[in-house]
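Listed below are the residues making up each chain.
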Amino acid sequence: MSVNGSFDGRVVAVTGGARGIGDAIVRAFRTAGARVVVLDKLEPREPRDGVRYTAADVSDPQSVAAAFASIDIEEGRVDVVVNNAGIQRVGLTGQLPYEDWAAVIGTHLTGTFLCCSEAVPRMIEQGSGGAIVSIASTAGFVGLPGRGPYCAAKAGIMGLTRAMSLEGAPVGIRVNAVAPGYTRTELLQQAIDDGSLREEWMLERVPLKRLADPNEIARVVRFLASDEASYITGQTIVVDGGWTIQGVSSAPDWLVTEQAQAARA
Amino acid sequence: MSGRAVVTGAASGIGAAVVRRLLGEDLEVVAVDRDEDGLARLAAEGARTLAADLARPEQRERVVEAADGGDYLVNAAGIIRLEPIFETTLDDWRDIFAINAEAVFFLCQAIGPRLRPGGAIVNLSSTSAKVSSTTEAAIYAASKAAVVSITRSFAYALAPRPVRVNAVCPGITDTPMQDRVLEDVARIRGTTLDELAQARLRTVPLARTSSPEECAGLIRFLLSDEAGYMTGQAINFSGGLVMS
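Residue numbers (our numbering), protein chains in the order written: chain A, 1 to 265; chain B, 1 to 244.
Any given hint could turn out to be false.
What the hints assert, rightly or not - Ranges between beta-carbon positions, derived for each pair:
(1) B/Ala40 with A/Pro170: 38 to 46 Å
(2) B/Pro57 with A/Gly143: 38 to 46 Å
(3) B/Ala197 with A/Ala163: 24 to 32 Å
(4) B/Gly46 with A/Asp193: 48 to 56 Å
(5) B/Ala40 with A/Ile192: 53 to 61 Å
(6) A/Arg210 with B/Ser153: 14 to 22 Å
(7) B/Ser244 with A/Asp227: 20 to 28 Å
(8) A/Leu166 with B/Pro160: 38 to 46 Å
(9) A/Leu166 with B/Ala51: 40 to 48 Å
(10) A/Ala163 with B/Asp95: 40 to 48 Å
Quick caveat, the hints were computed from the structure, so don't treat them as lab data.
Remember, it's a predicted structure, so these values are computed and weren't measured experimentally.
Where a beta carbon is used, it is the ideal one built from N, C-alpha and C, also for glycine.
Sequences are here, hints too, so could you generate the full structure?
Structure follows, in structure tokens:
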């Protein structure tokens with residue numbers, strides 16, 4: 001099947017679409033003919049053709065409302081929302097500042113809630129259903145030390161996805177999530193470079209023996225948003241090269257920041 | 001997509017829909033079933049056909065030969081018997097497990113290493129592997145739970161090749177098997193077909209059944225490179241009936 005044209009005439013909003021997996025998602029939907037709006041705090045390094053970038057902080061209700069108001073004016077509708085915006089703060093519970101907790105929960109979980117809060121009434125009003133796909137993570141299934149807020153936010157997104165799928169079913173809105181494993185993005189590369197992640201440790205645990213390419217996450221997101229997935233709702237699809245089928249629930253000390261290790265010693 | 005796919009349980013239901021979908025992708029498709037009339041219909045549509053009873057190891061050998069050097073395997077063959085859980089027998093267990101679990105395991109074992117690197121397997125499980133609303137299908141449900149486990153084990157074992165292995169867990173799909181389930185369960189419970197069908201639909205958030213063609217769309221996706229980083233997963237295809 002060709003995906004070309006399968007999103008013709010549809011408007012797709014992607015949060016955090018200026019970088020990494022978000023940028024790959026933007027390109028995947030563009031390939032399929034969608035009009036794409038990106039909500040991001042960051043400017044795109046490489047703006048994509050046919051994409052409108054609008055500055056937005058997804059953790060701020062007013063900023064999200066303003067971004068969707070601009071969609072009303074510029075695109076006039078919204079058919080798909082991809083909640084992808086995310087940040088990372090690392091630190092052990094007891095040492096991680098509240099502000100870091102709030103920032104992680106705010107961007108991932110509150111951001112997903114706020115964007116859906118704006119999108120759902122518009123989809124209902126349009127009367128042609130819609131699709132929401134949120135980016136969870138394998139971290140929502142397994143525990144990672146030093147990443148409490150991230151694990152909690154991603155598990156929270158899965159819960160919100162299930163609840164919203166039941167709310168959306170009667171009005172034709174499907175709600176799903178994708179849980180990527182380690183994906184080769186700029187952010188991940190930074191973590192490898194600063195020593196907070198080790199590539200060989202990751203590869204040891206992934207049966208396919210490679211990290212995900214951002215496009216491999218984006219294509220699953222696009223599939224879930226497409227008519228091909230018309231009977232799929234309430235699901236979190238794991239895209240992790242087989243990582244979590246082994247039931248990983250622990251991680252070595254180096255996952256904990258140097259600072260935290262020092263404090264513990 | 002390109003190359004060769006072997007589809008078991010091809011004569012009807014989801015298997016037949018997968019054969020047609022893959023033929024539409026210009027794949028060479030080998031349709032396997034013990035129902036030769038059903039196979040004849042698919043032959044007329046361009047599939048190669050192979051009549052085999054997958055409960056018999058020596059007949060599975062022929063499927064292995066047909067798959068050798070191919071790209072994709074879809075284990076869609078499955079049988080069901082509906083009986084009150086306290087009346088079902090050891091013979092039922094053995095017959096159901098022979099097709100639904102044993103054949104899936106040994107076809108993955110024999111064919112997986114013979115698929116070309118980059119190939120993929122999809123096994124048909126069921127939402128009954130995860131929830132238990134129809135105790136009359138207890139053995140079937142157990143066999144489908146086995147499929148989820150078999151899928152994980154071979155996903156791990158075949159990852160170095162790499163061959164990806166995933167499962168699909170359909171909920172209520174409009175197939176001949178589903179019609180029989182409704183008839184038998186209604187008879188066992190002394191209810192009408194319509195009452196039973198309505199009661200089952202109330203458990204589906206999307207409030208409808210699915211078609212075999214819709215399910216074939218998911219299976220095609222899982223076989224394709226679009227799902228190139230997915231392995232070991234059991235994807236619910238159930239309109240929200242199951243979310244875990």
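Violated constraints from the hint list, given by number and in increasing order: none
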